[in-house]
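> The opening position of the sequence shown corresponds to residue 1 in our numbering, with each subsequent residue numbered one higher.
Since the hints were made in silico from the structure, they are not lab data. Incorrect hints may have been included.
[Said to hold, decoys possible] Pairs of lysine to any residue residues, derived as SDA-like cross-links and limited to a Cα-Cα distance of at most 20 angstroms, are as follows: (1) K262 - A245; (2) K153 - Q76; (3) K223 - S206; (4) K90 - Q76; (5) K223 - K262; (6) K153 - K262; (7) K223 - A131; (8) K153 - K90; (9) K223 - A199.
[Said to hold, decoys possible] Derived DEER-like restraints, expressed as beta-carbon distance ranges: (10) A199 - D158: 40 to 48 angstroms; (11) V276 - Q108: 45 to 53 angstroms; (12) A256 - E134: 43 to 51 angstroms; (13) I247 - Q212: 45 to 53 angstroms; (14) R49 - L231: 31 to 39 angstroms; (15) L150 - L231: 46 to 54 angstroms; (16) A33 - I255: 41 to 49 angstroms; (17) E264 - Q108: 13 to 21 angstroms; (18) E244 - E266: 54 to 62 angstroms; (19) E192 - E266: 34 to 42 angstroms; (20) V276 - L101: 53 to 61 angstroms; (21) V95 - N137: 54 to 62 angstroms.
We put the beta carbon where it would ideally sit given N, CA and C, even for glycine.
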Amino acid sequence: MLKHVTFLGAAAIAAVISTSAAAQDVTADTVVATVGDTEITLGEVIVARAQLPAQFAQFPNEQLFNGILDQLIQQQLLADQVEDVPASVKYTLSVERRSLLAAEIVDQVTENEIAEADIEAAYEARFADVAEIEEFNASHLLVETEEEALAAKARIDDGQDFADVARDVSTGPTGPNGGNLGWFGAGAMVPEFEAAVIALEIGGVSDPFETQFGWHVTTLNEKRVQARPTLDQLRRELTGELQEAAINARLDVLIAEETIVKPEPEQFDPDLIDRVDLLD
């Protein structure tokens with residue numbers, strides 16, 4: 001594959017003596033150096049700068065400009081020594097050119113065909129048929145026997161605070177904090193426990209019931225509807241989906257308009273993709 005432009009060494013940058021150019025009207029085609037009959041343009045310097053690793057941002061532009069220019073000159077000097085362009089380079093250039101040109105159309109599609117209204121519509125459509133999801137905040141106490149659970153329930157029915165009773169008798173890990181389980185949604189608890197909580201009104205206390213862990217008494221502290229993600233939280237995801245759909249739609253049109261011939265499955269051995277020796 002083509003290698004991105006890099007400096008030959010840190011010393012090359014440190015040794016550069018920057019010069020100030022007089023202000024002038026320039027374009028990407030402005031020639032900034034020549035190597036024999038080959039011109040090096042400002043556009044090439046700009047592209048090479050964009051391909052540098054992020055750590056080069058710490059260097060001032062004067063150093064970067066001269067360092068990049070020296071690098072391009074060195075590369076041209078070496079490139080001029082090649083008499084016959086290797087097949088690997090020829091095909092790499094072909095692949096890179098195709099990829100870069102395709103990327104230009106992708107950028108055009110994603111920038112011009114996706115509006116804020118489209119993102120907002122996609123957001124609303126995402127949740128149009130989604131049922132509201134309830135979440136519950138409950139407390140419980142856990143004991144070994146039904147008799148212990150009935151005795152605990154009787155204390156609560158007599159007016160004792162649920163949390164105080166849970167701290168007193170519960171053998172579960174939430175006992176010390178009054179049995180509070182925090183917020184949870186459907187599927188988070190075993191079915192018997194979830195059914196008991198769902199059946200309660202806020203402030204209600206269940207009759208004792210058994211699960212695989214023992215005997216429980218539970219109370220529903222609060223319930224709420226699970227908040228859906230905001231538009232800003234989903235913006236990147238929705239934008240990506242819309243962009244992909246727009247690109248696929250453009251491709252569908254282009255495919256329908258063009259004659260495309262692909263090989264029959266048996267025509268080429270798939271293992272040929274590993275035959276790098278064919279590029280020699």
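> If you draw a straight line from the CA of K262 to the CA of A245, is it 20 angstroms or shorter?
violated, 24 angstroms
> K90 and Q76 were given as a pair; does the straight-line alpha-carbon distance stay at or below 20 angstroms?
holds, 17 angstroms
> Go ahead and decide if the range 53 to 61 angstroms is satisfied by the Cβ distance of V276 to L101.
violated, 25 angstroms
> Measure nothing beyond the straight line between the CA atoms of K223 and A131; if it is 20 angstroms or shorter, mark the hint as holding.
holds, 16 angstroms
> Do the Cβ positions of I247 and Q212 conform to the proposed distance bound of 45 to 53 angstroms?
holds, 51 angstroms
> Sort out whether A199 lies within 20 angstroms of K223, counting only the CA atoms.
holds, 12 angstroms
> Assuming the hint says 34 to 42 angstroms, is it satisfied by the Cβ distance from E192 to E266 or not?
violated, 59 angstroms
> For K153 and K90, compute the direct alpha-carbon distance and say whether it is at most 20 angstroms.
Given that 20 angstroms is the threshold and the Cα spacing comes to 83 angstroms, the pair is violated.
> For the pair we were handed, K153 and K262, check the Cα-Cα distance against 20 angstroms.
violated, 75 angstroms
> State, for the Cβ atoms of V276 and Q108, whether the hinted interval 45 to 53 angstroms holds or is violated.
violated, 34 angstroms
> Do the Cβ positions of A33 and I255 conform to the proposed distance bound of 41 to 49 angstroms?
holds, 44 angstroms
> Under the criterion that the straight-line Cα-Cα distance not exceed 20 angstroms, is the pair K153, Q76 satisfied?
Violated, at roughly 88 angstroms.
Hint compliance for this structure: hints 1, 2, 5, 6, 8, 10, 11, 17, 18, 19 and 20 are not met, and every other hint is.
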